[in-house]
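Could you slot chains B, C, D, E and F with the ligands onto chain A? The hints should help.
Chain by chain, the residues:
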Amino acid sequence: MKLYPVKLLTITCEILAQKNIIEILTKHEITGYTTYEVNGNGARGLRSQGLTNEKNVKIEIILREEKLQDIVEEVSRTLFANFAIVLYVSDIGVLRTEKF
Amino acid sequence: MKLYPVKLLTITCEILAQKNIIEILTKHEITGYTTYEVNGNGARGLRSQGLTNEKNVKIEIILREEKLQDIVEEVSRTLFANFAIVLYVSDIGVLRTEKF
Amino acid sequence: MKLYPVKLLTITCEILAQKNIIEILTKHEITGYTTYEVNGNGARGLRSQGLTNEKNVKIEIILREEKLQDIVEEVSRTLFANFAIVLYVSDIGVLRTEKF
Amino acid sequence: MDILQLIQSNLLTPIVLFFLFGIIAARIKSDLKIPQAISEFLPIYLLAAIGLHGGIQMRTTGFENMLVPMLVAIGLSLLFTLNHYQILRKLGKFNIFDSYALASTYGAVGAVTFSVGLSFLKNQGVTSEGYLAAVLAVLEPVAFILAIFLTNMAVSKQINAKKQSFTNDSKSDIDVGLNETKIKLSKILRESVTGKAIVILLGSIVIGYIIGKEGFGPIKIVFDDLFTGAIVIFMIEMGIIAGQRLDDLKKVGIFLISFSIIMPTFNGIIGVVVATLIGLSMGGSVMFGLLLASASFIAAPAVLRNAIPQANPSLYITSALGITFPYNIIVLLPIMFAVSSLLHDPEGSIDLFHYSLKDLI
Amino acid sequence: MDILQLIQSNLLTPIVLFFLFGIIAARIKSDLKIPQAISEFLPIYLLAAIGLHGGIQMRTTGFENMLVPMLVAIGLSLLFTLNHYQILRKLGKFNIFDSYALASTYGAVGAVTFSVGLSFLKNQGVTSEGYLAAVLAVLEPVAFILAIFLTNMAVSKQINAKKQSFTNDSKSDIDVGLNETKIKLSKILRESVTGKAIVILLGSIVIGYIIGKEGFGPIKIVFDDLFTGAIVIFMIEMGIIAGQRLDDLKKVGIFLISFSIIMPTFNGIIGVVVATLIGLSMGGSVMFGLLLASASFIAAPAVLRNAIPQANPSLYITSALGITFPYNIIVLLPIMFAVSSLLHDPEGSIDLFHYSLKDLI
Amino acid sequence: MDILQLIQSNLLTPIVLFFLFGIIAARIKSDLKIPQAISEFLPIYLLAAIGLHGGIQMRTTGFENMLVPMLVAIGLSLLFTLNHYQILRKLGKFNIFDSYALASTYGAVGAVTFSVGLSFLKNQGVTSEGYLAAVLAVLEPVAFILAIFLTNMAVSKQINAKKQSFTNDSKSDIDVGLNETKIKLSKILRESVTGKAIVILLGSIVIGYIIGKEGFGPIKIVFDDLFTGAIVIFMIEMGIIAGQRLDDLKKVGIFLISFSIIMPTFNGIIGVVVATLIGLSMGGSVMFGLLLASASFIAAPAVLRNAIPQANPSLYITSALGITFPYNIIVLLPIMFAVSSLLHDPEGSIDLFHYSLKDLI
Ligand SMILES: Nc1ncnc2c1ncn2[C@@H]1O[C@H](COP(=O)(O)O)[C@@H](O)[C@H]1O
Ligand SMILES: Nc1ncnc2c1ncn2[C@@H]1O[C@H](COP(=O)(O)O)[C@@H](O)[C@H]1O
Ligand SMILES: Nc1ncnc2c1ncn2[C@@H]1O[C@H](COP(=O)(O)O)[C@@H](O)[C@H]1O
Ligand code: NA
Ligand code: NA
Ligand code: NA
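Protein chains in written order, with the working numbering: chain A, 1 to 100; chain B, 1 to 100; chain C, 1 to 100; chain D, 1 to 361; chain E, 1 to 361; chain F, 1 to 361.
Simulated from the structure, these hints should not be mistaken for laboratory data. Just so it is clear, the structure is predicted and the values come from calculations on it, not from any experiment. Do not take every clue at face value.
As the list claims (entries may be wrong) - DEER-style ranges, computed between Cβ atoms: (1) D:Asp248 <-> E:Val193: 24 to 30 Å; (2) D:Leu343 <-> E:Lys122: 44 to 50 Å; (3) B:Gly45 <-> C:Ala43: 37 to 43 Å; (4) D:Gln5 <-> E:Val193: 33 to 39 Å; (5) B:Gly45 <-> E:Val193: 22 to 28 Å; (6) F:Ile74 <-> B:Met1: 42 to 48 Å.
Said to hold, decoys possible - Below, in silico cross-link-like pairs of lysine-lysine (DSSO-like), each with a Cα-Cα straight-line distance of 27 Å or less: (7) D:Lys187 <-> D:Lys122; (8) B:Lys55 <-> E:Lys29; (9) A:Lys99 <-> B:Lys99; (10) D:Lys122 <-> B:Lys58; (11) C:Lys99 <-> C:Lys55; (12) A:Lys7 <-> B:Lys58; (13) B:Lys19 <-> C:Lys58; (14) C:Lys27 <-> B:Lys27; (15) E:Lys122 <-> C:Lys27; (16) F:Lys187 <-> C:Lys58.
Stated by the list, open to error - Covered stretches of chain F (in silico footprint by chain E; criterion: 3 or more residues with CB under 8 Å from a CB of chain E, positions within the stretch not fixed): (17) 69-77; (18) 194-200.
Backbone N, C-alpha and C define an ideal beta-carbon position, used for all residues, glycine too.
Excised from the complex, chain A in its bound form (with noise of 0.2 Å):
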């Protein structure tokens, strides 16, 4: 079973950005992501307590590094300013690259 060399994107924001990126994303056409709640702390302070709208989410995209360049600056550019949000890229493996 032969691993092949993809890319991990790892989205920490706020869950208000969330729309935001999967836009992002579709526009680039990657349907594929996952997503779940955290909680956390960083420059805009403390983001588990309180409403709903005020809870993080994580949004994770396995895709090629062809696609990595366009996404992350896209991210950086519109949400970086106005948004809670860090983001970092991981190298892994994978079985089956067409689904990516």
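This is chains B, C, D, E and F with the ligands only, laid out in the frame that chain A set:
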């Protein structure tokens, strides 16, 4: 503190396949894993609405490279065809290899 | 968009140890982290049933390599003996190193 | 009241209206949803309430008269499952897996449909036999077990056929099927019987039976008075889920859509008639018919996804939840009520043919 | 009873006490919290109850008399939003984004405040017009839409100004604003109207209207009798959240704190007076005033965070939830009640000046 | 009714039956569970209801007679904790950490047990002193504080002993213990007092005291009428958790199992007798006994896991939840009820020795 290289296998799949995966792990004598419910979108459509049974779960297993191959092979052989499932492997470092 | 290499420290532990870990992070002047509740199985048995206090939590910290050693050392020294806990480190890339 | 009037007045109950509301909310893509913890808790609560109620009533009426209805229900459920299979496979041209999955989904019962039925009768001031809650519990696994057994037998038949071209020495299909099925079946059986729906239902029946009417007193407000309100809240979520599924109707196809309406009608009416023949009350016959008419949409996916993973879940979930459930609670329930009224009191107030009679006179 | 007495007696109701308790629990950093699923479910439940209640009442009173109050409320809400903006921008020196965000937060309405108001009136044995629930639903998006439109227009004005230094050929600001806003506005409008609060509220009004009093019978216990208890539980969580926000008051500044108290008082009293003039009942005028006085703290962040992301959310959330909400339910509600009593029955029992009169005699 | 009859009739209440049902559901490995949000919310609700009830009653009876029972309860709780330690360390041969952890778990109180006790009395038509809710709140941290103090002192004693072999200049153990404990203790104390159980309980007592009976009216249905039904639902989850723990009984060992039954009986009966002596009512004495008999299984793990992390949590959780809790609510509660009846009315209807008397005559 030296970090020893091991593998992290991450499986995102529909919640009803969780049992099958845990069974495969048990068969290969792996008892350590972490699970949590997630939402997702992929080839089998949006998996974040509707009944609980239609949600996804993420299963993470820290293991030695030796065991990785067999498990990945069995999961892909028995579950890929019939379940919504995605699987990837990453390199991590741990302190106590004897635990895994 | 250049990605700068930093470390991702992931700690999976029983929920009652979360406070201790956050204290260690604070002591080392780390204020950014993400947490979420997970279920798990390990040396200390199934941690996904029963009272909330018996659940697990996952804590993820993006940090620079310089701080990693001290924190890993302190967590393992003070918490490994008495708590259900697992810890691993991975390599990731971020855009804004100044945040971490 | 004729049937149409009954359907119309049923359409205007909070239960049905909030279900329709949920569908609309989903269609206009509202972000309305009942939090998962609440919508997971509500079926447990509803089944506990049904069970307690049933148990308390069984205490006064005794089990002895329960045996015949129970066996008849099991027999009909098995018969219907086989009948569904033939129709789906022969007429519908579905593959073996989808056919068996669908056949058992419609052979099994729907606990939520049952709750709505009880509430409907309560509203009409009609009672039903308490032991039907026990029939509900027993009926749930039956159709699945049959379908899983037959699926595995069919699979081994195919395998055997291939083998036989090489060798002549082979066990009968049934033997092989039995063998290969045994492990899977015992697992499925275990899972069915320990499944939360059956466990809470049977447990509550027993507890209801033990505590009786006086013991029920202090918890009556929670497990009786709040019942209809709780269903209403659950119906919002059911409506939302059904609404989200409506897009999948295209994938389901016109054959299955017709099946999802005709089959329950057929099964339900037969159920009402048979129940009347074996002596059930007017309300009891409606509930008996509803048991047979209802399709399983909460238990089915959980069981079938692992037992017949080759089957396409969107077929059986969409048709059971998106078509049959609304049809059952909106249209078929009043129809069966009318039929049962007619059968139990042929001279009675419900006059199925009053327009024709009117025309004649 | 004079106003002070009314405030004092209001202070000692479970709703207000549990809210204060929640604040204290948060201040002493207790780990007390209402699980998220419950605190997400409660507003849905409260709005369903309000809607059903309103719908049932509208059936008896009819809509025809609803039009005038509805239009007046919309007009006042728009007027107030513009007024807020002027005050915040000119006097408060806030930037455009914060000014519009705050202006619309206070121009919009608070459904939770409305629930508390209904409960307050119930306690006082006073009724109000059912159709106000519909006014609540319609009023919610209005202020946001105006603010978003004006923000986008302002932004394009600036862009245009820059462009004009290079070229003389340019469309009017309003055209550009309209254009750029259209896409955003239609999206926001869609999201507002399909937002869970409005959907459940409108849906329940319609259902209440259809089922009427008899249809409501079986679910009355859940959607009426449990109402006040449910608010009490929700108030614990609201108190906790408000308490956690108290630290942010420094960031908010003295100007905004004053604004958060003076503005609602002004808007609310005007609301009561206008409502009385257009013929609303004593209780209805209180609720009308409360609609205008209340600030939105559940819908506002969800809408504004995406529509005006440049605005600082901690300003509008903290002032609306941390200051205005407690002020409204503890102090302003009794004041408006007294004013409305006075206006509806000038000879009546509430004597705003009884001390002065006493002193004179 | 003699004790056996009382135990038997208690066994057949919904509360006990649903607890047993939960155990069975866990044993047969059913996937039944109450969603976490609900089972986290229920204790908050139960404590609020207990607190409100207690506060309202304290308003009529006043605090003045509360002081003596409160001090006696604290004294007994400390004494019992020390006693437990001796038994566990000397007879049970447990290590220091496990001994102190277990000693305080049994010295502390169980709020859930208290709820069940109140419901039991309600069923028997017996009332109890409202201020016992306040005793419950005060009693919770006491045993933990003592145990943590003593553990830290013991640890520093050991460290000191080692040091002394090198040097002769050393502070007394108590000084060192005090010092090292201070930081930890003040933290634990803070956490105990701001822990959700105590906060909601004390808050509700105060609110109940302020609003009194009339203020309670509109929320009575939620915080009184639903009480027993809510306990029943919670008991399902408690039963499931206890059932999952049953496997751990082997690890607990025969000594600790006996301890978990004998100790509560001893503490409870003493509690009933002392309460009777200091003048509590018949029902109040039962509740006082139950306070002392009960072991903490919700607060204990949360406090001890951080305060004495060296102790093995499965020992104290399993014995408190798996053995003592069921024993208390099923067997000991009726026994204490019988004892209290006897003590309060020696000529009364409960006749502990009716068989022997019968035999004699
Ligand atoms: N160093 C970090 N490690 C892990 N997660 C982080 C870190 N910094 C921020 N986050 C997450 O990202 C969210 C937004 O961060 P911020 O924009 O800094 O408030 C936080 O609420 C955390 O969930
Ligand atoms: N590209 C992707 N990145 C991250 N998660 C994915 C991706 N594709 C699929 N998934 C997850 O895997 C689940 C199953 O995928 P699928 O079998 O493609 O429907 C989805 O519901 C997602 O949670
Ligand atoms: N091999 C593993 N892979 C992933 N997670 C693990 C593994 N071992 C343990 N864990 C997680 O770490 C927690 C504590 O582990 P332990 O201390 O071994 O009981 C478990 O409950 C799991 O959530
Ligand atoms: Na059926
Ligand atoms: Na307003
Ligand atoms: Na005790």
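Cross-check of the supplied hints:
| no. | hint | in the structure |
| --- | --- | --- |
| 1 | D:Asp248 <-> E:Val193: 24 to 30 Å | holds (25 Å) |
| 2 | D:Leu343 <-> E:Lys122: 44 to 50 Å | holds (48 Å) |
| 3 | B:Gly45 <-> C:Ala43: 37 to 43 Å | holds (38 Å) |
| 4 | D:Gln5 <-> E:Val193: 33 to 39 Å | holds (35 Å) |
| 5 | B:Gly45 <-> E:Val193: 22 to 28 Å | holds (26 Å) |
| 6 | F:Ile74 <-> B:Met1: 42 to 48 Å | holds (47 Å) |
| 7 | D:Lys187 <-> D:Lys122 | violated (38 Å) |
| 8 | B:Lys55 <-> E:Lys29 | violated (35 Å) |
| 9 | A:Lys99 <-> B:Lys99 | violated (33 Å) |
| 10 | D:Lys122 <-> B:Lys58 | violated (44 Å) |
| 11 | C:Lys99 <-> C:Lys55 | violated (31 Å) |
| 12 | A:Lys7 <-> B:Lys58 | holds (18 Å) |
| 13 | B:Lys19 <-> C:Lys58 | holds (22 Å) |
| 14 | C:Lys27 <-> B:Lys27 | violated (43 Å) |
| 15 | E:Lys122 <-> C:Lys27 | violated (53 Å) |
| 16 | F:Lys187 <-> C:Lys58 | holds (24 Å) |
| 17 | 69-77 | violated (count 0) |
| 18 | 194-200 | holds (count 5) |
Going through the hint list in order, the structure does not satisfy hints 7, 8, 9, 10, 11, 14, 15 and 17.
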